[in-house]
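Q: Each chain, letter by letter, is given below.
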Amino acid sequence: MADMSFPLLTATAVLPALGAVATAAVPAARRTVAKWLAFAVSLGTLALALVVAMRFDPGGDRYQLTESRSWIADFGVRYELGVDGIGVAMIALTAVLIPFVIAAGWNDADPVEGEKTGRSWRPTQGFFALILMVEAMVIISFAATDVFLFYVFFEAMLIPMYFLIGGFGDRAHSRGEEEGAKQRSYAAVKFLLYNLAGGLVMLAAVVGLYVVTADQLGEGTFSLQQIAEARASGELTMGTNAERMLFLGFFIAFAIKAPLWPLHTWLPNAMGESTSPVAVLITAVVDKVGTFAMLRFCLGLFPEASAWATPAVIALALISIIYGALLAIGQRDIKRLVAYASISHFGFIVLGIFAMTSQGQGGATLYMVFHGISTAALMLVAGFLISRRGSRLIADYGGVQKTAPVLAGTFLVGGLATLSLPGLAPFISEFLVLVGTFSRYPVAGIVATAGIVLAAVYVLLLYQRTMTGPVEKPEIAKMPDLRPREIAVVAPLIAMLIFFGLFPKPLTEIVNPAVEHTMSDVRKTDPETAQSDAEAAK
Amino acid sequence: MDPVNYLYLAALLFTIGAFGVLIRRNAIVVFMCIELMLNAANLTLVAFSRMHGNLDGQIMAFFVMVVAAAEVVVGLAIIVMLYRSRHSASVDDASLMKL
Amino acid sequence: MESLIGLLVAAPLLGAAVLLCGGQRLNRTGHLLGTALAAVSFVVAAVLFFDMVGRDTDDRALHQHLWSWVPVNEFQADIAFQLDQLSMTFVLLITGVGTLIHLYSIGYMEHDERRRRFFGYLNLFLASMLVLVLADNFLLLYVGWEGVGLASYLLIGFWQHKKSAATAAKKAFVVNRVGDAGLAIAIFLMFTTFGTFAFGPVLDDVEASGASQATLTGIGLMLLLAACGKSAQVPLQSWLGDAMEGPTPVSALIHAATMVTAGVYLITRSGAIFNAAPDAQTVVVVVGAVTLLFGAIVGCAKDDIKKALAGSTMSQIGYMILAAGLGPIGYAFAIMHLVTHGFFKAGLFLGAGSVMHGMNEEVDMRKYGGLRKYMPVTFITFGLGYLAIIGFPGLSGFFSKDAIIEAAFAKGGTQGWILGVVTLLGAAITAYYMTRVMLLTFFGEKRWQPDAEGNMPHPHESPKTMVIPMVVLAFGSVFAGGLFKWGDAFVNWLEPVTQFEHGHPPLSVPVITGLTVVVLLIGVGAAWFQYGRAAIPVVAPRGSLLTRAARRDLLQDDFNHVVLVRGGEHLTRSLVYVDNKIVDGAVNGTAAFYGGLSGRLRRAQNGFARSYAVSMFGGAALLVAATLLMRAV
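Respectively, the protein sequence lines represent chains A, B and C. Sequential numbering from 1 applies to the first sequence in this note's numbering. Sequential numbering from 539 applies to the second sequence in this note's numbering. Sequential numbering from 638 applies to the third sequence in this note's numbering.
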């Protein structure tokens, strides 16, 4: 079954990993070399990811480009990779965003004046190496079809992220450098411990899964496909309680990563304190592993338990949507506002996944991709803004659009994408999620629709307070507009938002079959319409 | 003679050693008490070896002796260094290794 | 011919893209490009119109399928246009009035350094509005629907340095979003009921679809909510008055002639659903009737010329919504009034803009007076618009409004009488407040005041680019109604799309027409009595309770402020507190708990070797004891 030709997926993940090592090894004085090297590697990874997307045949097998090697034979752990349409979309998203993250963070990790760098202390090299490392691990996570392999990278990702948050924080802090450093390390530790705690719960469930499979199949396995086949043939039947416990173990870990209310509080800290490219990395890439894993592992491994948990999960998702939006309205810090907006959006994604309709799940997958792009646009422009003024507080701005119209314009487009304006990509995914939810759970659909009104409030309030009004502060009167590098970062993101807003078909084509597979995993079909009922009656 | 008596003797020696470790402050004495405990254990090993009629226990005892000798070398060196720096051989004076 | 439809949208869209991304280079030519592309769109519309007229009545609709947009299983949305008589009417109105207003803006915005951007936004608006009326399914309509909302947001807030403008823009968008949510839910309902949301399959055969009455009523009400948001109908009307913060051409194009009438389009377009859901229709009629009076009353009390006109717009759209709620006896008249209103209200706004242009951007009518001598063309065109809106016999407004009043009576029964009286009352109030505007602005003494910099205004006629559109619109205001009425041309034109039934009012038609003229004279007389005879104070008198309430938009804004804004602030603030203290508190509490626990436990680590030894011995003893115990058991 395993295709023994060129291991494309492995290569896609290994390239950034090697790039990370190479970047880290660049001598201290050659910062620029390190930057260009990292950028080139990220572009190379993008090229490989595009090859993956080209090679992928939407009409073919469920998992393609599979690789399978024995890893820890004693425990049935295998190095198994393979992608379905959802995985392809997510890998592509990751590979697309990383070059932007690198380009946007070009000067973020330069040593502060007077700071000593040397043989062992090379912050710039470290920053870009860590970003590439995260990319490698995320790609493996998206491609892993072995639960244990996934788990390893799901957890290992925390380490480079920890250093990225704690080591390269946002220098703009309202209460001074020292307080900033304190907040930063608090945020980094909180991020690490919170996610680690979730990971441990998941580890218990992973072990539990091994025990269950070893018990019934005679030989323990972590392979998604083997488990699915065994379930389909009736060889493997999990007890109701065992399945529910295992489901919860996985789900809690993913809900922390996603993050879902009430496990969300690490996100505003982490996004607020890190530099904006890292914030993008967190919310647009790393968190997506959580929602992606819900779709692939929770639904794929534990269909009955997923159905059992659906009402509770939908309730949590709805709370996330409304609660995140309301809190975003109440924020005084630009980046925390975006973080809460993301919590609201993750609510939509989870809602779509657990609505168990093809529109809902297809929409959720598109949502992951489009939210990644739109948040990247908004957050990176916010980062450019913050770096100009040296403050994250909304109240420190006002009238920016007068002095920096291009910055304000791109910020508005990012904001409009965040509030899902039709014509921009996120609208399609949000609408699909809502339709999908509505067709099975009308009340939930209507409650979630209230979220789109709140989204307008927080986005436009943010825009109004930062960009419009008279220019009252001297720092803003002399604020420079976007530089060419910054425009080069934002323009392609905006172009993608518009392109996919009008023509999402390339994505829906690869995602739809994968969603159908997931739907058949959970043995659900789309609800019938009244019209088809009437036709059936005839 | 009944080998069980050796066990009683070993227990007695072990108890004396344990109390010595707990009560005395002088590091040298504590050290000697530890030796006493080790040898009590050796005695037990030999006694059991005799009772069960196989040689494993005695071999084990030799190992213990070798390890004990090595331990004495390291331990005494530490005590000497400690005495040099603090001018005391009291174990309670060396209480810096706490959180 | 079909392939031309896309061009209608593409021309202004291209303009928007070029003007907004083009940068400073286009500052000197941008406005010309924007106007030219609007004109291209109008020419294409005219070509399509003559082509359509040349074909059979039943064969007039054109379709253009561009590409499949969002295909997910059952959910199939296409980017596809449909041009039938209803769309055609709108396309002509939008591109025609739109082009005139582009032309007007060249003069009006001459001294604004961001004129290029203004034209970019105007083009964006045209493109979105055309998508709205050309869409062949509700999802694409939704794109246009929010697109015009965005354009409206950008244009209301065009003078962003003014805080009030930025606030008004945001308010307009958010209030509209509430309506948009309604449209979204309506689409969800259509999808779950019909399995599609394309116009054809949904609307052609509502009866046979097997949809329950409740569902159809639900869809109808949600569509109405959407219409309320976009068309500033009670209870979502509060944004329109504030929207007058935008430049006057914007008020004329978006907030009078085209965008705000999109609600009427939506209801008329979805007529088949409303026809099958009489309960929803009743609600539509009630909303229309309430807004009709609400807007009229607000219009009477405003001293700001644009806000008075905004109240009037609300009221006139109330007429249209009411007519659309009457079903097949009203759809055609709703659209007819919409078109004539597009002419005269745009003309009135442009006139108001011209007056403001000459009066140092002063908007308070109490500081005008006697302007007829200084701005003769503006006076005449504004005056013709005025006569048209009050329904002076023979002018546009007369035909369309009279038709609506007849249709309201024709509703039949008590409802018919109530609606008839309400529409007549509305006509009287319309005559009153419009006469008031006229008298305050063009007649009486000069009450001019120096502006903030101490310059006295020197009213003068506006430049040609501004005057020409006003003249053209004045022609429309005078003749459009008669033209439409002539041989029932308009009704017959729309009939294949909207259907038409002749209403049978309980009073004969001449009696109703007579009544209309009588209430019109009463309204004009009352206004003359109050504003024509006596001198008008520059500072508004305190006024009666109703006047004071009407000045504050009948306290709607105060309600919004107290309940929604304040309430929302309290809610978000307390939620921020909850999130920090309780949700995050639980997280930090867990951390603090383990921190504290480890603080306690580490005291056992006292550094004394002998105490460690005790615990070791104790532990060993416990283990031995436990082993022995297990043996014993």
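Hints were generated in silico from the structure; no laboratory data involved. Check before you lean on any hint, since a few could be wrong.
Cut-off 27 angstroms, straight-line C-alpha distance, at most; resulting in silico cross-link-like pairs (DSS-like, lysine-lysine) [to be verified]: (1) K800(C) / K473(A); (2) K1218(C) / K182(A); (3) K1083(C) / K1004(C); (4) K799(C) / K473(A); (5) K799(C) / K1010(C); (6) K478(A) / K402(A); (7) K1004(C) / K800(C); (8) K505(A) / K524(A); (9) K1122(C) / K1004(C); (10) K478(A) / K799(C); (11) K1218(C) / K402(A); (12) K800(C) / K402(A); (13) K800(C) / K478(A); (14) K1122(C) / K1010(C).
Chain B regions said to be covered by chain C (calculated; three or more residues, Cβ under 8 angstroms) [unchecked claim]: (15) 546-560; (16) 619-633.
Positions of the beta carbon are idealized from the N, C-alpha and C atoms, including for glycine.
Q: How does the coverage statement for the region 546-560 of chain B fare against chain C, requiring three or more residues with Cβ below 8 angstroms from a Cβ of that chain?
A: holds (count 3)
Q: Hint check: K1083(C) vs K1004(C), CA-CA at most 27 angstroms. Holds or violated?
A: Roughly 8 angstroms separates the two Cα atoms, so the pair holds.
Q: Check whether the Cα positions of K799(C) and K473(A) lie no farther apart than 27 angstroms.
A: Cα-Cα ~15 angstroms, so holds.
Q: Given the hint that K1218(C) pairs with K182(A), does the C-alpha gap stay at or below 27 angstroms?
A: Within the cut-off at roughly 19 angstroms; holds.
Q: Please work out if K800(C) and K478(A) have their alpha carbons no farther apart than 27 angstroms.
A: holds (20 angstroms)
Q: Decide if the proposed pair is consistent with the structure: K478(A) and K402(A), CA atoms, cutoff 27 angstroms inclusive.
A: holds (10 angstroms)
Q: Hey, K799(C) versus K1010(C), does the alpha-carbon distance stay inside 27 angstroms?
A: violated (33 angstroms)
Q: Are the Cα atoms of K800(C) and K473(A) separated by 27 angstroms or less?
A: Judged against 27 angstroms, a Cα distance of about 15 angstroms means the pair holds.
Q: Run the distance test for K1122(C) versus K1004(C): straight-line Cα separation, threshold 27 angstroms.
A: violated (39 angstroms)
Q: Just to be careful, I want the Cα atoms of K478(A) and K799(C) compared with a cutoff of 27 angstroms; is the pair within it?
A: holds (19 angstroms)
Q: Measure nothing beyond the straight line between the CA atoms of K1004(C) and K800(C); if it is 27 angstroms or shorter, mark the hint as holding.
A: Between K1004(C) and K800(C) the Cα gap is close to 24 angstroms, so the pair holds against 27 angstroms.
Q: Confirm or reject the coverage of the region 619-633 of chain B by chain C under the rule of 3 or more residues with a beta carbon closer than 8 angstroms to the chain's beta carbons.
A: Three-residue rule met by the region 619-633 of chain B, so holds; n is 4.
The earlier numbered hints that this structure contradicts are 5, 9, 11 and 14.
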